[in-house]
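Kindly produce the complete structure, drawing on both the sequences and the hints.
Chains as they are written, first to last, in this note's numbering: chain A, 28 to 495; chain B, 99 to 431.
By construction, these hints were calculated from the structure, which means they are not laboratory data.
Do not rely on the hints blindly, as some may be mistaken.
Said to hold, decoys possible - In silico DSSO-like links for lysine-lysine, alpha-carbon gap of 27 Å or less:
id	chain 1	residue 1	chain 2	residue 2
1	B	K401	A	K186
2	A	K185	B	K181
3	B	K181	A	K273
4	A	K166	B	K401
5	A	K186	A	K239
6	A	K430	B	K181
7	A	K358	A	K254
8	A	K254	B	K337
9	A	K239	B	K181
10	B	K223	A	K427
11	B	K223	A	K239
12	B	K338	A	K262
13	A	K254	B	K353
Said to hold, decoys possible - From the derived model, a few chain B residues whose C-beta atoms are all more than 10 Å from chain A:
id	residue
14	K120
15	R140
16	D171
17	P194
18	R195
19	T257
20	I282
21	T329
22	K338
23	R350
24	W358
25	E385
26	R391
27	L398
28	L400
29	S405
In this text, a Cβ means the ideal position worked out from N, Cα and C, and glycines have one as well.
Given next are the chains, with one letter for each unit.
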Amino acid sequence: MKKIRTHAPRKIGLAAWSKQFDKIAEETIRKYKYYNNDEWGIYFSPPATFMVYGLRELKRLKFDNSLEALRMWGFVFNETERLFRAKQINKKLIATMGDLGTVPVLVMAFPDCIPFYPECLWWTPFFKESTELLDTASKLGIPEATCFSRAVAAAFYKKAYFPRPDLIIASTGASCDDYSCVMQVVENMGYEIFWVETPCRKSPDFFLSRPKPQILEKSSAGLVYSKILEEYLIKEYQRIWQVLFKLTGVNNPHRLTETIKKVNTLRRMVMEIKKLNAEAEVAPLPALELMTIEFGNLYGYADFDEWVEIVAALHQLVQKRVEKGLGVLPKDALPIAWVTPSADPFLLNLVEDLGCRVVATEYVINQSLVPIEENIEPLRALARSFINASLIGTTEERVKNIKEKITQRQIKGVLITNMLGASHCAMETRLIERLLGDVPVLAIDIPAPFGITQQIRTRIEAFVETLR
Amino acid sequence: MELIGYTCSYIPLEILSATGLKPYRLLHGEISLSQKGETQVRIDACPLIKSNLGFLLENKNRFACIIGATGCDMSRRMVEVVKTFTDIPVYIFNNPRTDNFEIYSNEVDGLVNELEQFFHRRLDKSIIEKECEKWEKIRQHLISIDAHRRTHPSALSTTTFHKIVKGYHQGKFEEIAKGVPEEISYKPRIYLLGSPISYESGPLLELIEQRLRICGDFNCGLSRGIYIRVTEKSVTGLKKAYFNQPPCIFKRPNKRYYEWVEKDIKATKSTGIIAFVLDYCDNFDFEIPQMERCLPLPILRLKSDFSFQNISQIKIRIDAFIDVLASLRGGVV
Ligand code: SF4
Ligand code: SF4
Chain A
28 MKKIRTHAPR KIGLAAWSKQ FDKIAEETIR KYKYYNNDEW GIYFSPPATF MVYGLRELKR
88 LKFDNSLEAL RMWGFVFNET ERLFRAKQIN KKLIATMGDL GTVPVLVMAF PDCIPFYPEC
148 LWWTPFFKES TELLDTASKL GIPEATCFSR AVAAAFYKKA YFPRPDLIIA STGASCDDYS
208 CVMQVVENMG YEIFWVETPC RKSPDFFLSR PKPQILEKSS AGLVYSKILE EYLIKEYQRI
268 WQVLFKLTGV NNPHRLTETI KKVNTLRRMV MEIKKLNAEA EVAPLPALEL MTIEFGNLYG
328 YADFDEWVEI VAALHQLVQK RVEKGLGVLP KDALPIAWVT PSADPFLLNL VEDLGCRVVA
388 TEYVINQSLV PIEENIEPLR ALARSFINAS LIGTTEERVK NIKEKITQRQ IKGVLITNML
448 GASHCAMETR LIERLLGDVP VLAIDIPAPF GITQQIRTRI EAFVETLR
Chain B
99 MELIGYTCSY IPLEILSATG LKPYRLLHGE ISLSQKGETQ VRIDACPLIK SNLGFLLENK
159 NRFACIIGAT GCDMSRRMVE VVKTFTDIPV YIFNNPRTDN FEIYSNEVDG LVNELEQFFH
219 RRLDKSIIEK ECEKWEKIRQ HLISIDAHRR THPSALSTTT FHKIVKGYHQ GKFEEIAKGV
279 PEEISYKPRI YLLGSPISYE SGPLLELIEQ RLRICGDFNC GLSRGIYIRV TEKSVTGLKK
339 AYFNQPPCIF KRPNKRYYEW VEKDIKATKS TGIIAFVLDY CDNFDFEIPQ MERCLPLPIL
399 RLKSDFSFQN ISQIKIRIDA FIDVLASLRG GVV
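Quick look at the structure:
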């Protein structure tokens with residue numbers, strides 16, 4: 028195998044990356060494949076390929092220059108192809124929606140079942156710098172002042188972004204409404220939906236009198252909740268298990284135990300990457316890659332096994348860089364926390380270019396970051412891990428970790444990215460500003476694709492000034 | 099403190115009332131209250147939520163506690179905002195969004211238990227029975243009043259009905275007890291759907307009824323909730339009655355909502371529908387295309403933030419809607 032020259036870590040654009048790609052040996056490219064298929068499963072390609080396919084924003088974005096990151100991007104951008112392939116080879120596609128990270132674990136415990144999150148399509152209009160999906164959503168009657176997850180309804184309508192799922196599982200209840208409304212629109216289009224209840228994590232603050240200790244429990248992330256919630260969730264997961272059993276004819280709890288172990292391997296690695304990144308003197312990976320890694324916990328971008336290996340490689344890369352004191356941002360980059368994922372990936376680049384470094388995140392997916400208990404009954408373990416969900420509890424609980432980091436002076440400021448009209452953003456932003464008010468907080472509304480203006484830049488610049 | 103605040107039709111008010119306080123449904127919608135609420139949440143929060151917050155900020159001392167529910171996302175989160183910005187104790191009622199009676203039943207038991215502890219009062223069988231009787235009588239009376247709206251020709255305006263039904267939601271019964279005026283109307287009959295109608299929505303209803311007659315509705319703040327029939331006067335009876343009430347549009351799936359509305363539209367002999375949607379109320383706004391597909395009548399969508407800045411536009415749209423109704427019926431509406 029041809030030796031690949033390693034470059035000093037930095038962020039590079041499309042052209043530099045294409046050049047670098049040319050130097051990669053054929054056998055390296057052929058080594059990595061999805062669904063372990065030698066014939067059509069190769070996904071390693073330079074981002075320029077995907078730009079040509081329509082992801083126009085790639086020409087503006089800057090990426091980490093490592094082979095590991097390149098591999099990751101090839102895999103992530105190849106997802107649509109992968110989903111159609113999955114269907115061609117008779118795998119069952121299960122759209123898992125709204126719960127962000129737990130239902131896929133159940134799905135993966137069934138043979139040849141591939142979970143995927145249609146709501147992750149909310150990034151597509153931004154990567155494509157196109158309002159096509161959003162315009163279609165408007166034509167379907169979805170108001171413009173709502174979360175960009177409305178793109179999902181358009182994707183179901185257009186039938187071009189993923190094959191028709193064999194089953195759609197959608198969570199509803201004490202969670203984000205925009206998304207639940209989007210899914211109701213999808214159901215109205217004639218898709219059959221299996222709805223799952225996600226009750227509210229009632230912390231003692233939402234009791235009038237002090238609740239009896241025996242009715243309470245503490246989650247792995249230290250959140251106090253009413254025990255009965257666990258039982259509710261177990262019953263919901265039993266319903267899901269039954270429906271998957273009906274679909275596949277397989278009923279093997281042992282597979283769930285094994286899947287949980289695999290999921291935990293990934294979750295631990297991602298937590299470790301986050302930790303290394305936050306504690307290193309120089310940022311070992313850019314925020315854009317880190318966000319993509321964090322979101323991979325949800326379902327492994329539709330090939331969990333391959334994703335685990337990709338993250339393992341990135342994990343090693345981060346370790347090496349930290350050991351050598353190498354990184355991609357200047358040493359004096361200002362540590363900030365990021366609350367709510369940005370629908371426009373370009374913002375992550377921009378904030379770094381303007382002098383910040385993301386060392387803590389609250390991307391509404393806390394539930395997918397915690398390890399699942401392995402020594403108890405698996406459905407209970409799943410319930411317990413989901414109880415840490417960001418959106419089913421209070422805002423105070425949601426930003427608890429960030430608050431702690433502020434107290435420990437690990438963070439100098441907080442950036443919140445909002446969607447105009449998105450239900451939880453509308454209600455939470457002021458609260459977050461108040462709760463985290465010990466450091467400067469900047470809340471920005473994500474504009475429509477290709478809509479980042481000079482005004483937004485100026486606001487971020489001013490924010491950075493206040494942090495210095 | 100005379101009031102116990104609550105936010106949703108799925109919270110049995112008999113149980114709240116059994117505490118000895120007046121159950122007060124949070125249904126405010128007025129621009130200055132909304133602006134006050136805006137000091138604590140973003141401008142793009144629902145105007146009803148902002149008004150309720152504004153009202154609570156101004157009337158903190160009147161509330162012993164607030165019982166919120168997991169209805170819509172904003173409404174659930176309002177409770178946390180109240181807790182953060184006032185000293186009013188709050189409680190969250192987990193109202194399932196799917197057909198899950200077990201959760202609902204447990205939550206009602208939890209609520210009883212909680213109120214007993216907080217108010218140091220046993221909500222025993224006889225208290226609950228008395229409350230059931232009292233409220234059922236009031237609801238029956240309101241249903242008989244509503245019947246005047248629904249007759250052909252309609253004998254009561256929704257503007258008046260709204261004033262009467264406010265008493266039910268605010269725990270004051272003087273208005274309810276008064277006689278019903280005779281307000282026969284031959285104006286085109288329409289059915290009202292959409293976001294909750296607030297206490298201050300009178301002018302909007304009046305504006306609509308200058309040209310049309312609302313002879314039925316499916317709105318919180320109007321007749322939603324008065325059709326709850328409690329036949330078994332116990333906590334168990336309350337659970338059954340409240341769980342099986344006319345289904346809220348937030349339930350997933352919300353097929354039963356459409357079935358109910360379609361039946362009621364026929365029963366009221368409505369000729370058109372007005373869908374009233376508050377700004378940023380996704381739950382209703384997202385459903386308009388489905389309403390247009392499923393419901394057999396022409397629909398006029400009215401959007402509002404309670405400011406009435408768009409009043410002349412609303413007037414013009416109502417006139418145009420009347421023309422549509424007329425054109426569909428050979429000029430007769
Ligand atoms: S609209 Fe539904 S959830 Fe909201 S208050 Fe009314 S009944 Fe409750
Ligand atoms: S009007 Fe709509 S957004 Fe506002 S509380 Fe009611 S349902 Fe929620």
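To see whether the hints hold, each was checked on the structure:
Taking the CA atoms of K401(B) and K186(A), the gap is about 31 Å. The hint is violated against a cut of 27 Å. Taking the CA atoms of K185(A) and K181(B), the gap is about 44 Å. The hint is violated against a cut of 27 Å. Taking the CA atoms of K181(B) and K273(A), the gap is near 45 Å; set against the 27 Å cutoff, the hint is violated. Using a Cα cut-off of 27 Å, the hinted pair K166(A) and K401(B) holds, with the two alpha carbons roughly 18 Å apart.
At most 27 Å may separate the alpha-carbon atoms for a hinted pair to count; K186(A) and K239(A) exceed this at roughly 51 Å. Our distance criterion of 27 Å between C-alpha atoms is met by K430(A) and K181(B), whose separation comes to about 19 Å. Taken as a hint, the K358(A) and K254(A) pair is broken in the structure, with Cα atoms around 46 Å apart against an allowance of 27 Å. A threshold of 27 Å between alpha carbons decides the hint, and for K254(A) with K337(B) the separation of about 22 Å falls inside it, so the pair holds.
Restraint check for K239(A) and K181(B): the C-alpha separation of about 21 Å stays at or below 27 Å, so the hint holds. Between the alpha carbons of K223(B) and K427(A) the distance comes to roughly 43 Å, so the proposed pair goes past 27 Å and is violated. About 24 Å separates the Cα atoms of K223(B) and K239(A), which keeps this hinted pair within 27 Å; it holds. Proximity of K338(B) to K262(A) is assessed by CA-CA distance (about 21 Å); at most 27 Å being required, the pair is judged to hold.
A C-alpha spacing of about 32 Å is found between K254(A) and K353(B), which places the hinted pair above 27 Å, so the restraint is violated. Its beta-carbon lying about 17 Å from the closest one in chain A, K120(B) satisfies the requirement of being farther than 10 Å from that chain. Remark: the non-interface label on R140(B) conflicts with the geometry, its nearest Cβ contact in chain A lying 5 Å away (cut-off 10 Å). Listed as outside the interface, D171(B) is inconsistent with that label: its C-beta sits roughly 4 Å from the nearest C-beta of chain A, within the 10 Å cut-off.
Residue placement check: P194(B) does not keep its beta carbon more than 10 Å from all beta carbons of chain A (closest about 5 Å). Listed as outside the interface, R195(B) is inconsistent with that label: its C-beta sits roughly 5 Å from the nearest C-beta of chain A, within the 10 Å cut-off. Once the 10 Å rule is applied to beta carbons, T257(B) is consistent with being away from chain A; the minimum gap is 28 Å. The beta carbon of I282(B) sits about 37 Å from the closest Cβ of chain A, which is more than 10 Å, so the claim that it is off the interface holds.
Remark: the non-interface label on T329(B) is consistent with the geometry, its nearest Cβ contact in chain A lying 27 Å away (cut-off 10 Å). Once the 10 Å rule is applied to beta carbons, K338(B) is consistent with being away from chain A; the minimum gap is 19 Å. Taking the minimum C-beta to C-beta distance to chain A, about 4 Å, the non-interface status of R350(B) is violated against the 10 Å cut. The claim that W358(B) is not at the interface with chain A holds, since no C-beta of that chain comes within 10 Å of its own (minimum 16 Å).
For E385(B), the shortest C-beta to C-beta distance to chain A comes to about 7 Å, within the 10 Å cut-off, and the non-interface label is violated. The Cβ of R391(B) does not lie farther than 10 Å from every Cβ of chain A; its closest approach is about 8 Å, which violates its non-interface assignment. Against chain A, the non-interface label of L398(B) holds: every CB pair exceeds 10 Å, the least being about 15 Å. Against chain A, the non-interface label of L400(B) holds: every CB pair exceeds 10 Å, the least being about 14 Å.
For S405(B), the shortest C-beta to C-beta distance to chain A comes to about 16 Å, beyond the 10 Å cut-off, and the non-interface label holds.
In summary, the structure is inconsistent with hints 1, 2, 3, 5, 7, 10, 13, 15, 16, 17, 18, 23, 25, 26 from the numbered list given earlier, while agreeing with the others.
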